[in-house]
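**Student:** In case you want the letters, here they are:
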Amino acid sequence: MKTRLAFIFLCGICTAILLPFSASVAGKNEADIVDIYLNREKKNIEVSFRIQNCFTPKMEEAILSGVETTFRILLVMEKDGFLFFRRKLLNIALEHTIKYDRLNSQFHVVLPEHPDKLLTTADFGEAKKWMSSIDDLPLIPAWRLENDTEYKLRLKAELSKVHLPLFFRYIFYFVSLWDFETGWRATTFKF
Amino acid sequence: MNQTDSSRANRYRRKERFWLITVLLLVVIFGFFGGWFFEFQSDLSLLNNILLFGLINLNVILLLLLAYLVLRNIVKLIFERKRNILGHKLRTRLVIAFMGLCLIPTLPLFWIATQFISFSLEYWFSHQVEQSLEKSVELGKDYLKEEKRDLNLDSQFVKNELLKYFVLTGSIPKNSEKFYVALLQQYNLDAILLTDAGGELVWDVNTGQLSPVEIEKLPGWSAEAAMDPPQVASLSLADQREALVAIVPLSISDGSLEMTSARLIAVRLLPTVITDKLAAIASGYEDYLQLKLLQTPLKTSNFITFSIVTLLVIFAAVWFGFFLAKNMTVPIQSLVSATQQVAEGNLNIHLKSERQDEIGMLINSFNKMVQDLNESREQLDSAYLVLQQHHAELEDRKLYMEIVLKNIAAGVISLDAYGNIVTMNKSAEMIFGLVGEQVKGNHYASLLQPEHTEIVKSFMRLYRQSRQDYLEQQVRVAMNKGPRTLLIKASVLRDEKNSYMGVVVVLDDLTDLEKAQRMAAWREVARRIAHEIKNPLTPIQLSAQRLRRKYYNLIEDKESIFDECTRTIVQQVEHMKHLVNEFSKFARLPRVQLTPSDLPTIVEESLAIYRHTYPQASLSININGNFPTLLLDPVQFKQVMVNLLDNAIHALDGEPGKIEVKLLYDSVLKIARLECSDTGHGISPQDRLRMFEPYYSTKEKGSGLGLTIVASIIADHSGFIRVRDNLPKGTVISIELPG
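For the protein sequence lines, the chains are A and B, in the order given. The first sequence begins at 1 in this note's numbering and counts up by one. The second sequence begins at 192 in this note's numbering and counts up by one.
Honestly, the hints are just simulated from the structure, not real lab data. Certain hints may be false.
[Stated by the list, open to error] Facing chain A, a subset of chain B residues (Cβ under 8 Å, in silico):
| # | residue |
| --- | --- |
| 1 | Arg272 |
| 2 | Asn275 |
| 3 | Leu330 |
| 4 | Leu335 |
| 5 | Gln486 |
[Claimed, not checked] Computed list of lysine-lysine pairs in DSBU-like fashion (alpha-carbon distance at most 30 Å, straight line):
| # | chain 1 | residue 1 | chain 2 | residue 2 |
| --- | --- | --- | --- | --- |
| 6 | B | Lys706 | B | Lys483 |
| 7 | A | Lys99 | B | Lys332 |
| 8 | B | Lys483 | A | Lys58 |
Even for Gly, the Cβ is constructed at its ideal location relative to N, Cα and C.
Build out the structure end to end from the sequences listed, making use of the hints.
**Tutor:** Now the structure itself:
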């Protein structure tokens, strides 16, 4: 009897302690991947899509405060099949990073699609567009795909890394104020 | 609680203590490691991140475990209070005291710390600070703007210089000419580049501060840049250098150059000291903004941190309270339990203690005390055993003495120093007709009759005269059962110090002995009288009868003296003969021949004789129940009946009366009782005392031997004969015979 009561008591304490964390996790925004387009351009299959609702006011405030923010975009291409029989053709992750240059009032965006170029703009809207868009990204050489075969492209985007000042990222390990994560979006296509 | 339970509980407590200390230490160690990791402030590797994550989680788990262990103890304490388990009060008080002692400084500290941090944060993020930082950044921005404007202006001047040179010479100056160096120095530029419309470098000149790679990466090369209006851009270079790049479109219509448009790119490196400061200002402001963004979570985080530390302190205090309480209450509890057992009589208790403090001393003292008690009790037990043996011996002796006293024929009465009766044995009870237990404690004088008091007084007189502690006197005294001859021996009791303790009186009843002696003497007398008198009686009687026969007819006067004398002689001789025969019969009473006899028949036969002889007397027999056959001498018993009926008839004095013989048998006591009652004149108390003595008769011509013979025969049958008044008139002779 005593042990049971003590256990219930302990459970109560655990719940009370963990409740704020669960509340913050539940407060994620409703980001999603939309406008997915697949296109064969010359010898490659290219994809274009857009992430919507990925910027929350808090996140924007953080970026304007100089927090370097990175979106991690996951792309997985599989040959359609049942569970373990799916053949994974592609599994890549792209990182879009944005950093605000306060002295020059400019946004620097680094995109892996344009590795040789540092995109700079003073327009936050344009910078956000760069961050949330993938345009004509070459995915795979067309010769690797078989004719009349169904392929599935799965996409997911999440906030990869928020560089909090000092060591706050360790303190706020469980508390993420501007976290976002889309669900896996899939599109099936036949080549 | 037995030994096994106690050791198990101790093991459990030790185990719990070990875990608690381990958890506390782990929390501190992991907390320290966590802090050590934080000191880096830089990006950690994945492994370190995982490690840090693990550490933080582990700390949380351990904190929860600590909370569980402490709260479990609190729950246990609550249950102990409810069940009223020994020691809970002290434990509760200690825990509350420790909690209080801990809370008094901790809570204000906690409040002050959180408030301080909160105020500090508020102060850090105050408007003035923000404004100052913002102004600093604005200043930096203005500086850059100014620099950009200057560069733009200077680049325009350079453009004009080039155009002037072109107008004067009709060509662009060669790379080797000093013109460019002068331009660089004049306008404080680090590089000047001229590209054509296609972005191809026409010529360039620089101070050597920029590497070729950096020059290639300069903006303004592309064709799109040419479309833009003149602008100045900032550029980050290697080694944290910052540069401003001005791109100025240049249009030359001279056909020799074959270009309609070109771009002049002027580069000026910003001083490192300035750029570093600008970067620091911007970084500081950004940090400030980010911190401001984290102000609320920071407060929460601080609050949580302080709460955790406070909780840790409280838990530690509570646990320490429990630890101390247990440390104190457990030995006290065992001491109380042991004391209870000692109180219940169990002295084979030994408390284990390895402690060296006062409680250890207390336990050792307790053990010593219990051991001493045990030894004392063993000694007492052995002494008690010896005493008990002695007591039993004394009791046996006392009992034996009492039995002896009870069973001796002599009556024994002991008096204390005040004359109160202490003991009275059975024989004394029978002599005095009293019950010993009832008279115990009473003064002897209250029980004595005046006649007896006289005897006591005579004894006292004798003692005063002789001063001897032992006195003896034979007295004849009337007791409740009649006259008794007693040999009274009085001994004065004295203790070792010769103090007077009382008197013990021994009463030897010599009545029966005296009676027997008297009877024997009488029998001897009777035998001699019979022998000496009977022989001359016959010649006397024969002589008197012969005189009468020979001379009676010769005497004329028939009623003369002769006739009277001879008749008297013959009658008296006859009477004497009768007396002699009686004497002879008394003297020669034969031994009883016991044969199974039917007493009612004997009684009936005897009555039958008297019914015919004495018709005026109403003779009857009354037999109660079944009367058994008794061992009797029928001949002698007939004599008994004859003598009894003779006396009864005589008691009637010739008057009509009633004589009744009752026969009763007590099957329980096995006693046959014969009661011969008459309605005659009765017997006076004085006569009753001597009526069974020889030659004591109230009859005119009685020999005084009738009842003596009866008593003798009854005594020979081991029976008793008693006499009492027959109410309302007459006498009852009661004979008791063993059945």
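**Student:** Evaluate each hint against the coordinates.
**Tutor:** A quick look at each hint next to the structure:
no.	hint	result
1	Arg272	violated (13 Å)
2	Asn275	violated (16 Å)
3	Leu330	violated (10 Å)
4	Leu335	holds (6 Å)
5	Gln486	violated (11 Å)
6	Lys706(B) x Lys483(B)	violated (142 Å)
7	Lys99(A) x Lys332(B)	holds (17 Å)
8	Lys483(B) x Lys58(A)	holds (12 Å)
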